[in-house]
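Chemist: What follows is the residue order along each chain.
There are 2 protein chains.
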Amino acid sequence: MTIAQQHTIDQQQPIGEWIEWLAGFGKTEDGGVTRLLYSESWKQAQLNLQQVMIHKGYEVRFDEVGNLFGRYSGTVDPASIILTGSHIDTVQNGGKFDGAYGVLASLIAVHQLYLQYGPPKKTMEVVSLAEEEGSRFPFTFWGSKWINGQCSLSDAHELVDSEGISLQRAMVEAGFGEPIPQAKSDELIDAFIELHIEQGIILENKQKDVGIVSDIVGQRRYTVQFSGESNHAGTTPMSMRKDALRLAAEFIMFISEQSEQLDSSLVATVGRISVSPNMPNVIAGGVECSLDIRHSDDSLLDKFESIINQFVQAAKQKQMEMELDCWLKIKPVHLSDTHVELAYKQAEALGLSYEKMVSGAGHDAQVFGATCPTTLLFVPSKNGISHSPEEWTDSKALEKGVELLKSQLYALAYE
Amino acid sequence: MTIAQQHTIDQQQPIGEWIEWLAGFGKTEDGGVTRLLYSESWKQAQLNLQQVMIHKGYEVRFDEVGNLFGRYSGTVDPASIILTGSHIDTVQNGGKFDGAYGVLASLIAVHQLYLQYGPPKKTMEVVSLAEEEGSRFPFTFWGSKWINGQCSLSDAHELVDSEGISLQRAMVEAGFGEPIPQAKSDELIDAFIELHIEQGIILENKQKDVGIVSDIVGQRRYTVQFSGESNHAGTTPMSMRKDALRLAAEFIMFISEQSEQLDSSLVATVGRISVSPNMPNVIAGGVECSLDIRHSDDSLLDKFESIINQFVQAAKQKQMEMELDCWLKIKPVHLSDTHVELAYKQAEALGLSYEKMVSGAGHDAQVFGATCPTTLLFVPSKNGISHSPEEWTDSKALEKGVELLKSQLYALAYE
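Top line first, the protein sequences correspond to chains A and B.
Residues 1 to 415 (full-length UniProt numbering) make up the first sequence, in order.
Residues 1 to 415 (full-length UniProt numbering) make up the second sequence, in order.
Note that these hints are calculated values from the structure, not bench results.
Some clues are possibly wrong.
Since copy identity is lost for identical chains, a pair holds within one copy or between any two.
Claimed, not checked - Straight-line C-alpha distance at most 30 angstroms; calculated DSS-like pairs for lysine-lysine:
(1) K356 <-> K331
(2) K56 <-> K396
(3) K206 <-> K242
(4) K242 <-> K303
(5) K345 <-> K121
(6) K303 <-> K329
(7) K356 <-> K242
(8) K356 <-> K303
(9) K396 <-> K242
(10) K206 <-> K316
(11) K396 <-> K345
(12) K316 <-> K382
(13) K242 <-> K382
(14) K303 <-> K331
(15) K356 <-> K318
(16) K242 <-> K331
(17) K206 <-> K318
(18) K345 <-> K382
Since the model is a prediction, treat every value here as computed from it, not as a measurement.
Please take these sequences and the hints and turn them into a complete structure.
Modeler: As structure tokens, this is what we get:
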């Protein structure tokens with residue numbers, strides 16, 4: 001596909017067709033999308049989006065790291081930016097909707113408002129963020145962190161992908177990475193709105209049109225080591241065993257049951273496990289597993305961590321060793337109460353059923369949420385599936401999200 | 001090492017030195033032994049053992065599959081064979097004692113009896129069995145099954161090793177595999193005695209010199225499949241999950257606790273597990289694990305299997321799928337009460353402390369046990385470690401086993 005072919009798309013096209021169009025950049029054999037940061041498909045997607053924006057009359061710019069912006073300047077308070085968008089990158093063989101939906105929905109919503117109501121009072125700006133997933137480089141939210149001053153170009157030298165290419169080199173090869181003098185230093189992001197697929201099954205199960213997010217969970221990830229004693233499965237009586245896999249199984253049951261007891265919105269997951277020597281006739285001498293815990297209240301995560309540590313101590317009484325290493329700790333983000341309340345009212349006014357939600361997944365909104373009033377809106381994900389070619393949301397459901405987004409944008413930029 | 005160098009070993013050498021000598025054939029870098037069936041190191045070990053036997057005045061022969069026999073013919077009832085020995089093959093990077101100890105102890109014991117008491121009444125025969133471990137080909141007890149008529153040369157065509165070489169080809173390349181006309185058809189194995197390291201920690205824990213085995217456990221192996229639903233670890237509430245790894249953990253706890261409750265000598269082991277997709281932030285959609293259960297009473301294994309099946313049924317109430325596939329079912333073997341009683345008395349007479357035991361591991365004795373009165377004797381294994389370069393038993397402990405073996409052989413062949 002060439003730019004010339006692509007940006008001629010009809011402006012009245014339904015969002016589902018825009019999704020298919022963007023999914024063409026990095027399309028995989030089985031209908032998924034691989035659009036890693038600064039890859040050729042990523043670059044083509046951003047350049048084509050830029051052309052679409054230009055054709056729709058947006059003022060367009062890229063920033064230093066490749067975030068793409070398109071704006072309609074405000075007539076009354078142009079330095080106040082109502083920013084909306086999401087990320088353009090995907091995981092390896094991911095879906096068509098994760099990130100892309102938020103970018104395209106913003107592009108459509110802002111343009112429709114502009115066509116209908118003319119220039120806004122405050123500046124409306126769409127952003128196609130360079131990176132969120134952390135799929136190529138071991139760093140997440142590269143795009144939104146850049147905008148919010150939470151990373152610098154020097155960070156890019158240290159980060160390398162699986163082939164040893166630095167983020168710096170990849171960025172320069174994609175045409176970015178050069179400092180750009182700030183033209184307008186008095187500008188301020190007045191609000192950020194992100195529309196995203198839920199990537200979960202709550203909205204579908206509850207048959208709600210949209211989710212309005214009050215909080216984005218804090219997340220802690222651990223590596224857990226269990227050390228027992230490898231022995232013959234036939235000759236070692238149960239009473240003489242130090243079975244690391246049995247201890248790990250007890251741990252999995254423990255964290256599952258304890259999390260359920262502590263709070264219904266606490267989640268605890270052991271998703272990865274490796275056993276040594278991993279043979280049918282040998283008692284496991286060692287086990288390593290992951291642990292991922294998430295909740296919107298950081299003090300509840302503290303409390304849960306202390307419960308987990310009680311288990312670690314108890315393991316020693318079984319003459320086994322256990323180690324818990326926390327290697328990721330992200331604090332919860334509470335979003336703007338005012339904007340969330342506004343979204344409830346707007347959903348009602350639009351006749352949309354909505355669910356007050358906590359986001360269990362990380363989103364760019366959490367980076368903006370620490371800096372400016374932020375809204376995060378969800379539409380349902382079919383079967384809750386995400387990060388997969390099977391990721392799916394029907395066009396009608398996508399359009400309901402766009403309607404709510406337009407309503408928010410109108411309230412913030414026009415009223 | 002050449003044969004000429006090796007068979008000149010002093011006949012009065014302690015057994016520990018014989019063990020080191022034999023471990024020279026197939027020695028690994030870290031002090032273990034790899035002597036797979038029909039490999040060059042296996043062949044050298046058998047040929048050198050043959051030379052040692054010849055020098056000790058044994059009548060020597062190989063059978064069709066490479067079992068090595070050395071005998072002193074009986075003077076009164078030469079067609080009645082008192083057979084003693086164990087296997088010469090090892091697992092990959094196994095220990096020096098597993099199998100080898102029984103072969104060498106038999107060789108020493110029989111020769112010492114011959115030197116001390118002259119020719120026996122019944123024929124005393126030492127056997128270095130070709131194969132027991134099933135390490136190279138997916139078939140165990142090739143040596144003892146051949147002797148007991150439980151396999152045929154035609155089986156050898158179908159069995160292939162990891163490099164695609166058939167057992168037949170490997171056997172022929174090692175110089176065996178040709179039918180040998182039976183010279184003496186009136187011969188009968190009157191008794192089989194196997195001396196082996198325990199490969200467990202019971203004798204060491206109880207500080208006993210020898211173990212006298214009454215039963216060899218029956219063993220069942222299963223592959224267990226758990227099918228849940230792979231979902232996002234952050235966005236899927238605990239109550240909406242179908243976590244296959246949590247179900248597997250519950251299963252591991254269940255079989256461990258139930259086996260302990262049912263009988264203290266029942267063992268149940270999940271040693272191997274694989275999880276899909278095995279990612280920290282994804283709920284496991286599928287788990288496959290092994291299950292190994294062993295007991296000397298087949299009806300108790302039946303009962304335990306029915307308890308396990310109750311768990312499988314219960315899993316369906318959690319809207320999860322579980323499948324249990326039994327792919328190995330070995331019946332328990334009860335050894336000769338007469339010979340076991342004899343061994344108790346002899347141990348007492350020799351001043352050896354002994355433990356009446358059930359063998360949780362499989363041994364050649366179980367194949368002979370179905371055909372003729374059989375004795376299986378154990379000496380302690382340091383820390384219960386086996387199938388490892390760290391496998392170890394002190395020379396003094398090894399010698400106590402040889403003493404008990406001599407006592408049994410004398411009673412059966414000379415009295």
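Chemist: Hint by hint, say whether it matches the structure.
Modeler: Against the structure, the hints:
In this assembly of identical chains, the alpha carbons of K356 and K331 lie at most 30 angstroms apart only when taken from the same copy (20 angstroms versus 60 angstroms across copies). Taking identical chains as interchangeable, the C-alpha atoms of K56 and K396 lie at most 30 angstroms apart only when both belong to the same chain, with a minimum of 23 angstroms there against 91 angstroms between chains. Taking the closest pair of Cα atoms, K206 and K242 come within 30 angstroms of each other only across two copies (18 angstroms); inside a single copy the shortest separation is 45 angstroms, beyond that limit. Proximity of K242 to K303 under the C-alpha cut-off of 30 angstroms is found in both arrangements, the shortest distances being 29 angstroms within a copy and 26 angstroms between copies.
In this assembly of identical chains, K345 and K121 lie within 30 angstroms of each other by CA distance solely inside one copy; the values are 22 angstroms within and 104 angstroms between copies. Taking identical chains as interchangeable, the C-alpha atoms of K303 and K329 lie at most 30 angstroms apart only when both belong to the same chain, with a minimum of 14 angstroms there against 48 angstroms between chains. With identical chains, the CA atoms of K356 and K242 are at most 30 angstroms apart between copies only, with a shortest distance of 24 angstroms across copies and 47 angstroms within one. Within a single copy, K356 and K303 get their C-alpha atoms as close as 25 angstroms, which meets the 30 angstroms cut-off; across copies the closest is 51 angstroms, which misses it.
For the identical chains of this complex, K396 and K242 are inter-copy neighbours only, at 29 angstroms across copies versus 56 angstroms inside a copy, given an alpha-carbon limit of 30 angstroms. Proximity of K206 to K316 under the C-alpha cut-off of 30 angstroms is restricted to the inter-copy arrangement: shortest distance 24 angstroms between copies versus 44 angstroms within a copy. With identical chains, the CA atoms of K396 and K345 are at most 30 angstroms apart within one copy only, with a shortest distance of 21 angstroms there and 87 angstroms across copies. Proximity of K316 to K382 under the C-alpha cut-off of 30 angstroms is restricted to the inter-copy arrangement: shortest distance 24 angstroms between copies versus 45 angstroms within a copy.
Proximity of K242 to K382 under the C-alpha cut-off of 30 angstroms is restricted to the inter-copy arrangement: shortest distance 16 angstroms between copies versus 44 angstroms within a copy. Taking the shortest alpha-carbon separations for K303 and K331, only the intra-copy value of 14 angstroms comes in at or below 30 angstroms, while the best inter-copy value is 51 angstroms. Taking CA atoms no more than 30 angstroms apart as the test, K356 paired with K318 passes between copies only; the shortest distance there is 28 angstroms, against 44 angstroms inside one copy. In this assembly of identical chains, the alpha carbons of K242 and K331 lie at most 30 angstroms apart only when taken from different copies (27 angstroms versus 37 angstroms within one copy).
With identical chains, the CA atoms of K206 and K318 are at most 30 angstroms apart between copies only, with a shortest distance of 20 angstroms across copies and 44 angstroms within one. Taking identical chains as interchangeable, the C-alpha atoms of K345 and K382 lie at most 30 angstroms apart only when both belong to the same chain, with a minimum of 26 angstroms there against 74 angstroms between chains.
The structure fails none of the hints (numbered hints given earlier).
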